[in-house]
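2 protein chains.
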Amino acid sequence: MPTPIDFYFDFSSPYGYIASHKIDALAAKYGREAAWRPFLLGVAFKATGQTPLPQIPIKGDYARRDMERTARFHGVKYRQPSRFPIASVSPTRAFYWLNATDPQRAKLLARALYAAYFSEDVDISNAENTIAVAAGLGLSADDVRAAINDQATKDLTRREVDKAVAAGAFGSPYIVIEGEAFWGHDRLDQVERWLATGGF
Amino acid sequence: MPTPIDFYFDFSSPYGYIASHKIDALAAKYGREAAWRPFLLGVAFKATGQTPLPQIPIKGDYARRDMERTARFHGVKYRQPSRFPIASVSPTRAFYWLNATDPQRAKLLARALYAAYFSEDVDISNAENTIAVAAGLGLSADDVRAAINDQATKDLTRREVDKAVAAGAFGSPYIVIEGEAFWGHDRLDQVERWLATGGF
Numbered sequence: 144m145p146t147p148i149d150f151y152f153d154f155s156s157p158y159g160y161i162a163s164h165k166i167d168a169l170a171a172k173y174g175r176e177a178a179w180r181p182f183l184l185g186v187a188f189k190a191t192g193q194t195p196l197p198q199i200p201i202k203g204d205y206a207r208r209d210m211e212r213t214a215r216f217h218g219v220k221y222r223q224p225s226r227f228p229i230a231s232v233s234p235t236r237a238f239y240w241l242n243a244t245d246p247q248r249a250k251l252l253a254r255a256l257y258a259a260y261f262s263e264d265v266d267i268s269n270a271e272n273t274i275a276v277a278a279g280l281g282l283s284a285d286d287v288r289a290a291i292n293d294q295a296t297k298d299l300t301r302r303e304v305d306k307a308v309a310a311g312a313f314g315s316p317y318i319v320i321e322g323e324a325f326w327g328h329d330r331l332d333q334v335e336r337w338l339a340t341g342g343f
Numbered sequence: 144m145p146t147p148i149d150f151y152f153d154f155s156s157p158y159g160y161i162a163s164h165k166i167d168a169l170a171a172k173y174g175r176e177a178a179w180r181p182f183l184l185g186v187a188f189k190a191t192g193q194t195p196l197p198q199i200p201i202k203g204d205y206a207r208r209d210m211e212r213t214a215r216f217h218g219v220k221y222r223q224p225s226r227f228p229i230a231s232v233s234p235t236r237a238f239y240w241l242n243a244t245d246p247q248r249a250k251l252l253a254r255a256l257y258a259a260y261f262s263e264d265v266d267i268s269n270a271e272n273t274i275a276v277a278a279g280l281g282l283s284a285d286d287v288r289a290a291i292n293d294q295a296t297k298d299l300t301r302r303e304v305d306k307a308v309a310a311g312a313f314g315s316p317y318i319v320i321e322g323e324a325f326w327g328h329d330r331l332d333q334v335e336r337w338l339a340t341g342g343f
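Here the protein sequences line up with chains G and D, keeping their order. Quick note on the numbering used here: the first sequence kicks off at 144 and runs consecutively. Quick note on the numbering used here: the second sequence kicks off at 144 and runs consecutively.
Since the hints were made in silico from the structure, they are not lab data. C-beta: ideal position from N, C-alpha, C; glycine also. Every clue listed holds true.
Computed footprint of chain G on chain D, listed as stretches where at least three residues anywhere in the stretch have a Cβ under 8 Å from a Cβ of chain G: (1) 194-201; (2) 212-218; (3) 311-324; (4) 330-341.
Based on the sequences and whatever the hints tell you, model everything.
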């Protein structure tokens, strides 16, 4: 089996959420897996000097409309969260803690966290809400709470976020296939051709 | 015939150049015309506080690679210009001068200017180069030179750029269909569905 493609995303990113509905099927179509790698856009923005979309005049207004319309276009259930964007430290820590022992279940957790935030308006920046989502998948709330606050999980998360930024992830989603990077759900057409042809 | 769709672009924008190869056929497929409306991204960036892509750390490096790959993906001839980005005042003035009397020929001029810059590395920020491109279409070099320097053309261009920014154009291309805005060549799929369905 070839190496997985890397799927970097922020839990606070609507376009990452939209891509999360497609990336596994797209990879599987070409005999690949997608390694889900949440990161923190806020850390990347420090490297690039960028600003969260909603804070940018004019472009921010456009973006809000585009997020909702793009979700409709792709048939993805979407409800603009009351708080947006959010700091996604808690869901990212919960993900990497679970991912260390069970990557497939960690993907289920990531999907559930994304759905909670972007379709049910659950503020997953609140650790207790992240824990409740995890508990909904049958994980022990006490275990998840302990993991989120464990220094080892914090260190692991920091290392993974640093690796994402080192890999060039400046936005979300950011997909890498053997060193070739694609930014945005709207590059999935190019991702597909890259997977199909080996590069163009 | 329904009202035209608005196609805002900057002559220095690779993604505007790519979209310029598709927008007329896309509009015509749904019985529409595209009104080409070049503007100056530099003026829009003052309103949004944005920075030209190449100056943004990390993202700028990605963008350069993405521009070339995206042109290949769409089968558009592309050669990264030696000077990029450029101030596109001269080509924009030449366009609006001609557009006032002959919009169809103005489109041909816009295509020729885009091709010169993005496939032949001609620096069209230099007025004499813009004039030479226009002369290649059979226009009088003296007429174009006089027009570019005419206060009436300068005023017309300023008004059009102000109208573009007032319409929300913060990036290029920026397409508006009866008030609904789409930013980026990578929203042409949504533009098409919008034209086909009347909105979604």
